[in-house]
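Could you slot chain B onto chain A? The hints should help.
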Amino acid sequence: MRKFRNLRTVVFLAIFSAVIFFGRMDARAEGERVHFGSEWYQWKLNEIWNIGVYAESESNLQSADMYILYDAEMLEYYSGGELVEPGKVHVYASEVGQNTFMQMLQFIPRIAGNTLVTIEQTPIVNGNGETINTESVSVGVNIPMADGCALSNILVNGVPVEGFFAENTGYFMEVEADIAQAEVTVEPADVRAEISSTNLSVGINEIKITTTNQAGARARYVLYVNRLESASDDEERQPSSSVVTATEETVDEVSFETILICVLVVLVFDLVLVIALCIRRWVIRRKKRLRRERIQAARRKQAREISAGEQEKVQEEFDEKNIDEKPLEIAVRNVTMEFKREKDEATSIKELMIRTIKKQRSYEKFRALDNVSFDIRQGEVVGIIGTNGSGKSTILKIISGALAPTEGYVDVDRKKIQLLTLGTGFDFELTGRENVYLNGAIIGYTKEYIDEKYEDIVKFAELEGFMEEKVRNYSSGMVSRLGFAIATVRDTPEILILDEVLSVGDMFFRKKSEARIKEMMHGGSTVLIVSHSTSVIRNNCTKAIWIEKGVMRAIGDPKEVCAAYEKMNEAG
Amino acid sequence: MTKKEQWKQYIFVIKQLTSREIKRKYARSYLGIVWSVLNPLLSMAVISLIFSQLFKRSIDNFPIYYLCGYILWQMFTGATNAAMTTLVDNKTLLIKVKLPMEIFVLARVYTALVNLGYSLVAFAVMLVVFGVRPSWAMLFAPVIVLFLLLFSLGMGYILATAYVFFGDVKHLYSVFLTLWMYCSAIFYPIDSLHGVIRMVIEMNPIFNYIDGLRQLILYGSIPPALEIVRMMLWGIIMYLFGYYVFRKNKNKVMQKI
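Top line first, the protein sequences correspond to chains A and B.
Residue numbering for the first sequence is 142 to 713, as defined by the working numbering.
Residue numbering for the second sequence is 461 to 717, as defined by the working numbering.
Keep in mind the hints are simulated off the structure, nothing from the lab.
A quick note: this is a predicted structure, and the numbers were derived from the prediction, not measured.
For each residue, glycine too, the CB sits at the ideal point set by N, CA and C.
Incorrect hints may appear among the rest.
Claimed, not checked - So these bits of chain B aren't anywhere near chain A, every CB distance computed over 12 Å:
id: 1; residue: LEU477
id: 2; residue: LEU491
id: 3; residue: LEU498
id: 4; residue: GLN534
id: 5; residue: THR545
id: 6; residue: VAL557
id: 7; residue: LEU573
id: 8; residue: PRO594
id: 9; residue: LEU599
id: 10; residue: ALA645
id: 11; residue: SER652
id: 12; residue: LEU678
id: 13; residue: ALA685
id: 14; residue: VAL689
id: 15; residue: ILE696
id: 16; residue: MET714
Said to hold, decoys possible - Quick list of in silico lysine-lysine cross-link-like pairs, DSS-like style, CA-CA up to 30 Å:
id: 17; chain 1: B; residue 1: LYS630; chain 2: A; residue 2: LYS588
id: 18; chain 1: B; residue 1: LYS468; chain 2: A; residue 2: LYS611
id: 19; chain 1: B; residue 1: LYS475; chain 2: A; residue 2: LYS557
id: 20; chain 1: B; residue 1: LYS630; chain 2: A; residue 2: LYS429
id: 21; chain 1: B; residue 1: LYS475; chain 2: A; residue 2: LYS588
id: 22; chain 1: B; residue 1: LYS712; chain 2: A; residue 2: LYS429
id: 23; chain 1: A; residue 1: LYS594; chain 2: B; residue 2: LYS551
id: 24; chain 1: B; residue 1: LYS483; chain 2: A; residue 2: LYS600
id: 25; chain 1: B; residue 1: LYS708; chain 2: A; residue 2: LYS557
id: 26; chain 1: A; residue 1: LYS428; chain 2: B; residue 2: LYS716
id: 27; chain 1: A; residue 1: LYS588; chain 2: B; residue 2: LYS464
id: 28; chain 1: A; residue 1: LYS588; chain 2: B; residue 2: LYS710
So that you can see chain A by itself, here it is in the shape it has in the complex (with noise of 0.2 Å):
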């Protein structure tokens, strides 16, 4: 019952999400309009320039009834349409049949200035027969004034305009409902300046000034004066252009950030979807790989039951043969590893924070290693022997340091040890003297030491001549013999593990190998080798150790062990 709550919760919130993401793209998907080619011009007096008036609709554009209007002084019409009357062009599109209509219209400015043209509202046709009529859409164009039309400032009763600067060629100002002519005066004095009608009525009245120079050339500046009607109804009416540009503006952004948002909440909700699954399968995989282990650890407590007695027999015999005349080298005490797994899994997120909080989780203890405990003196050749999985690594880790056991502990002089391995880390995308460095390096072999050694790396491993080339085109026999050579031209170390190593390459080689191995044997140095093949402990080892599912089950003569383990192998 609860799953099918919470299943309902996920469906809910999807189609939710959905409806938000989806009603957002539907309010954007209306999009009959029309617009100018750029989002504001600049030109320049007495040339020809273009502009370009668009009409866009998301199904086919059918049709579209155009009406530009601009300020007939300022711009000369030149071409693309058809003049109306002064100041007034029209451009009819029809049977379109895209979704975008466009057409070019030519003026030529006249008077410099700032001036608008505007797309008056158009109706259009669109692909399903409906006529819809687009709002009304303004451009700026700015015309640089000439030399010597430019003003230096600007009275109005007396009093200069706020914020005079020569480009910036229009201004707003307040004047008191009492006031029905304006006194506009301009500075410098000698500039040519007409001005327009200075009668005020009620509300936003145009006062033009036009300069000109003396080649001519005219320059405009525009000053709005809006005569306040009474005291009582002060709603005003803007300049239409900056009403046009700040509508412009806010949509923009809106649009902006509700897509921006849209994206994240539909990404957060995909996160959280699937953060749910993974806990929900991690979960279910628990459950079953706590079941298998149960089953694994109820075998084995049997096993050990059965190897107890049998075990200490053969220890007490192995102690009573060997009293001790060298010192020890490695101590193994008690050791047990223990790795902690979780039991009884819960079914829910919601428990698993419960349970977390209450305390209440209880851990299966899975034991690799049970009370283990044996000593290396110095000299010896110790084989580890055992199936796999019995824990052989686990106590190679130990004693080199890389793990830490739960119980018991290893006394060792861990400076002196050196791991023997094969080949670690190389890379057959590298060429065979790239992996003598990095393969050097992992091993602990300094940049000046592989430097030294490289020309007798080569020669033992027989590569002379291969080691510009990939490795990846060598024979597995070639890997080998590199590795072992990279491994095994170091000075013989004191205590010296050995992980699988003693089959590599071919035949001649591999009695070379096995030299090179005896040698650093016999050089007086402790050596550990694991291995699953009972013949390299018997040829090699003076004494031999039997783990079997974390359970010592033999320490003593390799021949006697490795019988044992022998016979252990047939029965089962």
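Same frame as chain A, but now just chain B:
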């Protein structure tokens, strides 16, 4: 072996591991290591072509604006993604060799740093192409990279540890990165946002680093003190936290592997 020799050895190992990563990346190609510079250069060229038309109005020199974010983001994702899988990838090495585990994470992050170096060569070319004037403030850039590196390292430690226990982290993280990328204002101007989203982005550590670099490169000014402090705090805290998590779980990781 003395401490100093030990460290020297570790640095040698990191260098070798890094050179392996870089060599093998282009091992089968004809141009080889040249791709390390060519690849970022070409992708930057493409990006600049596309993005020089976008957001023209609200950001001047948008390609450079974008590329500042792009190279740092690439380094961050490169470092964390690679560091995440490093322990699992180098499983055999970990078991067989007596090396501190940190080395593997460090090597991957260092690889990302070297790759950033190559990208910077390409970036320098772009700066020249787009006519950005060199300024003294640019000398401050290594500081930003250093703290971003610390931040990535901390993340790398956490992710590497987590990935050993849950393979799902990899996929989860890629989704998370997409989300993070949108929150880092890499390809849009932050000025166009308001409210909660803006707050989220400004608190976002990666955005801090990117924004810092942009101020250095585009405006030739040192970022404000508050931002520098935030960068340092993010970097140092993330590094310490990551390292703590990594240390704490070290033994468990070895058991699991």
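- prompt: Between A:LYS588 and B:LYS464, is the straight-line Cα distance small enough, at 30 Å or below?
  reply: Distance of about 14 Å is within 30 Å: holds.
- request: Given the hint that A:LYS588 pairs with B:LYS710, test it: the Cα-Cα distance must not exceed 30 Å.
  value: Answer holds: A:LYS588 to B:LYS710 is near 28 Å, not above 30 Å.
message: Using Cβ atoms and 12 Å as the threshold, tell me whether B:LEU573 really stays out of contact range of chain A.
response: 19 Å, holds
task: Against chain A, does B:VAL689 hold up as non-interface, every C-beta pair farther apart than 12 Å?
output: B:VAL689 clear of chain A: closest Cβ-Cβ about 27 Å, beyond 12 Å.
query: Is the Cβ of B:LEU599 more than 12 Å away from each Cβ in chain A?
result: The claim stands: B:LEU599 keeps its Cβ more than 12 Å from every Cβ of chain A (closest is about 32 Å).
message: Checking one constraint from the list: CA of B:LYS475 to CA of A:LYS588, max 30 Å. Satisfied?
response: 11 Å, holds
message: A cut-off of 12 Å on Cβ-Cβ distance, and B:LEU477 was said to be off the interface with chain A. Does that hold?
response: Given that some Cβ of chain A is not farther than 12 Å from that of B:LEU477, nearest at about 7 Å, it is violated.
message: Given the hinted pair B:LYS712 and A:LYS429, is their Cα-Cα distance within 30 Å?
response: 21 Å, holds
- prompt: Does A:LYS557 lie within 30 Å of B:LYS475 when you go C-alpha to C-alpha?
  reply: 26 Å, holds
Given as non-interface: B:SER652, partner chain A, CB spacing beyond 12 Å: At about 5 Å from chain A, B:SER652 fails to clear the 12 Å cut-off, so the statement is violated.
message: Does B:ALA645 clear chain A by more than 12 Å, comparing its Cβ with all Cβ atoms of that chain?
response: Per Cβ check, B:ALA645 is inside 12 Å of chain A; nearest 10 Å; violated.
message: According to the definition I'm using, a residue is off the interface if its beta carbon is farther than 12 Å from all beta carbons of the partner; does B:PRO594 meet that for chain A?
response: 31 Å, holds
Hints 1, 6, 10, 11, 16, 17, counting from the list given before, are not met by this structure.
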